[in-house]
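Undergrad: I would like the entire structure built from these sequences, with the hints used as guidance.
There are 2 protein chains.
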Amino acid sequence: MGRSFQPIDEQVTVNKLENLWIYNSAYQCFDWGSITFGPTIEHVQRDYEAPGGGGLYLIPGFIDIHMHIESSMTTPTEFSNAVLPHGTTTIVADCHEVANVFGVEGLCDYMDLPSLVDVFYAIPSSVPSTSMELETNFGPIDAEQVKALCKRKDVIALGEIMNANDLFSESDNRTKRIIDTFKDQKPGFPIEGHCPRITGEMLSRFIASGVDSDHTQQTAASIREKISAGMFLEIQRKSVSKEVIDALKAPELAGRFCFCTDDVLPDMLAKEGHLDAVLSDALRLGMRPEQVIYAATYSPSRRMNLLDRGQIAPGRRADFVLLDDLETLRIRSVYKNGSLVYEQGSGLLARTKLPALKKEYLHSIHRMPLTAEQFDLSLESGERDITVIEREESTTFTRFAKQHIHHGGGGFSFRQYGLSLIAVVERYGHEAPIISAFMKNGLTKEGAICSSWAHDSHNLLVLATSVELAVRAVNRVIAEQGGIALVDETEETFIPLPYGGIISIEPIAVLSGQIQQVRTWLVDHGYQAREEIMNFAVLSLPVSPELKISDKGLVDVRKQQLVDWKNQ
Amino acid sequence: MGRSFQPIDEQVTVNKLENLWIYNSAYQCFDWGSITFGPTIEHVQRDYEAPGGGGLYLIPGFIDIHMHIESSMTTPTEFSNAVLPHGTTTIVADCHEVANVFGVEGLCDYMDLPSLVDVFYAIPSSVPSTSMELETNFGPIDAEQVKALCKRKDVIALGEIMNANDLFSESDNRTKRIIDTFKDQKPGFPIEGHCPRITGEMLSRFIASGVDSDHTQQTAASIREKISAGMFLEIQRKSVSKEVIDALKAPELAGRFCFCTDDVLPDMLAKEGHLDAVLSDALRLGMRPEQVIYAATYSPSRRMNLLDRGQIAPGRRADFVLLDDLETLRIRSVYKNGSLVYEQGSGLLARTKLPALKKEYLHSIHRMPLTAEQFDLSLESGERDITVIEREESTTFTRFAKQHIHHGGGGFSFRQYGLSLIAVVERYGHEAPIISAFMKNGLTKEGAICSSWAHDSHNLLVLATSVELAVRAVNRVIAEQGGIALVDETEETFIPLPYGGIISIEPIAVLSGQIQQVRTWLVDHGYQAREEIMNFAVLSLPVSPELKISDKGLVDVRKQQLVDWKNQ
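Read top to bottom, the protein sequences are chains B and V.
With positions in the first sequence counted from 1, the corresponding number in the numbering used here is that position plus 5.
With positions in the second sequence counted from 1, the corresponding number in the numbering used here is that position plus 5.
Honestly, I wouldn't trust all of these hints.
Since the list can't tell identical chains apart, any single copy or any two copies may satisfy a pair.
[Unchecked claim] Within a straight-line C-alpha distance of at most 16 Å, the following computed EDC-like cross-link-like pairs (lysine to aspartate or glutamate) qualify:
no., residue 1, residue 2
1, 158, 117
2, 276, 536
3, 21, 206
4, 191, 313
In case anyone wonders, no lab produced these hints; they're calculated from the structure.
TA: Here it is as structure tokens:
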């Protein structure tokens, strides 16, 4: 097999790879043959009659059409460097975290950052996640902003519509306005959805509004109903179970679903991989490799109408992956636009550098340092029930709970009831009062964690065993202008996320080590969860049930209204 | 099964059809259930656990994405009335005959005619079929006209690219300009192709230029090569053979091909049907009904990115067909936009009327009457070989042939050699000299046929056994301003096609009887062919091999140059 390396930024001459098993996405099989290519594929010679041999397997580069770069706390530039070795050559990103923190202008600057991977974008459709009455962010994204974003050529979808209540209401509302604007500006372009547990006529109404995909956790029953109703399913890693894979193995369903990553934290990205990790799970659960590959290449390309990629065929981008075998899908090398960009053993052969960032993006935590007195935990003395958040450990679900307390006056010693202090400090320059409450299943060991990466509005979320530790943690995040502070009696660790308070400018290898520290700290302090860091960060997300905390107060998610923990 | 009829032009209230087998395009099966709909489908209740019963079969309306309305010699309005009873509810038409006759303005007026069926359009990409040097039409369609047509919302594709020579040449040319303009104006929209017998690297170059479908006649080998190379195949009736159906039955190929009609003459439309006739053939040759239906509904809708139709799912157009059974696909009734528009027994329940047409469209044969003297058949006396057209009877192929003659001076008595006179008379107002030549396998019985429906430039094509009969036939077409004249010694029949000389304004039932007369006349006069009328009309089409006649002269199709029959 002859090949010559061409750096990505130089003129690619015509290359040829011979004696390979070449993926045939039409027949979902491999044909023995050779391929000629420049930046795009020129010719594929498929030798149906040839005997074949022990060659490598050539497949299209992986396409991840539902994901959030900021879940990896990094830039498109560094994300691209991180995922190329995993075979991902195209992504469609919904950057709603950056949109919450910086609005449309900052979002566009983030989207304009360079990358080797082709990055397309879905417009964030729920910014803020609820309303400015229930949480504070940089500002709402409404129809007008959507219209402006539609003018970009790299915008090819409307990002996940989550607010079924808006969709189903008769009245005018932001969700409907955004959908109407998008349909008008980009007719025929896909509208992505998020509809866990929606079924029957409600599901039909959801789909009829134009939202016809879902990437939430599936079951065999939800797959049958949603796909039969015309939905396209994006299967993320937590959905990859034996039941789900068995349901998706029906040959008719090729093209009705794809695999995606949604959220991959930086340490998991470094440790377990990207879309390739999801594919390995599917393979292990019994899906044929040819079908797994289809669902990571051709199928997502069609969903997003990216007709110039996703198959090994003339005229398509020369984005491909060479595999050692089909049992493990182990990646030997990766080509982007016809250039070899990764090779086993040598590592990444082309890397994009992050350009200088505007100062405002690195100074975005607009808040004066706190004092302990600003926490309003005063209670009249006597016996009473207070409302507390009770966190589930296996999901991101939280519940309303009552705690019977006997308060003797002065400071409220919540630790004796096994409660942790949880608070949100607004960071957009309004110097709003601190919102604080109490939580069950928080920390079991003395300490405080404060993070400016706190979904979706990214105010300063702090969980602590005392007000004093909470103040130290928050003030550290303010002083450093964004990041995650881990505070113990005698020790402090700080993970910088200087870009908007949510994004690191370190290489992913460094960042992943730092984030591993956060995970270890949470586990050490008794915070148990399936995904500790994400679980913590969504305690401030007032759209996932049922009792969350924002910079405006405790939020009853189902009723979408504020709750007074002292008197309710 | 309860249902209530709503006329198409009134407000459709919510209807419900119960106890049906409902097509599930995702699983390619039928589910027992019920459907609620207004103009669009509101909800589909699929009762997977229900026992089912002997109900009707509900499937999406048929979608024909490669066809030419003018092959049926009618308007979108009347065509729509004609095909609704056959279950066709959406078409994508490439109206290159009207474009040849009237240019862009006339094309747009034709496209604007009302219809019950949803009519989308592909831009004619080869007008004229060759160049103004080789044939005369109203005028060429070039990049500028394509750009103008791209502004229409009902334009969703670029019509069949036929000129591989242009595509493969290095130089600037009309085909490349048109493709580039279309890609720029309508990125992501399909570009349709016409590439019989193109294979290997040539096929790769064809596809790499962006043309990725083909609707010409296929074989098992061409199917494997073209589909593997990323092409979408549109299978017309003449392609439906046992070999082709066997090749397409592989379950992986669902979504890689669809059925289409291309050209259906009016009498065949009335006698045998529309897309439903193609489906019946496929069914008879052993394709499963569920797969046949898929290839006439979901598959073509996706190829054309018509995401609002092609499946029985919420939010999609309530366009559907009720079948009595799956063995014959016999149509019980047809719904368009939620209204019952056809019912077995009752016939068409809604009909659109053709509006008044601009006078210029009904007076378009710009030619003075002929005299016999205008035919230049003079030959020097003596022995010689002359070049004649030899027509194949089983295809539309013609060959160069030599005829040895002994000419004694005066009028040339070609009948003694078994030749017919063939001539083309320019009709766009230039009063160009008449082009005449001779043909083998023409008429065996005395007579003349002249047609202004003569592809692609639609000059006046006449085939005759004498100059005198030819003159009578041509002059009748000129006097009547378009149509087909059938002239015998003592009798004349005239079929009016007053709209541009190619289109009837009669209902299809009347027209089909008239066209049947033409077919009978041709057969009676010894003109044998698979499809007599089309076979005759393409004798003037200088892109199908190998020797044709235009208003400019005899055309050597392969060399694309004019030939002198007297001296070559």
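Undergrad: State the violated hints by number, sorted upward, taking the hints as numbered earlier in the document.
TA: Hint check: nothing fails, all pass.
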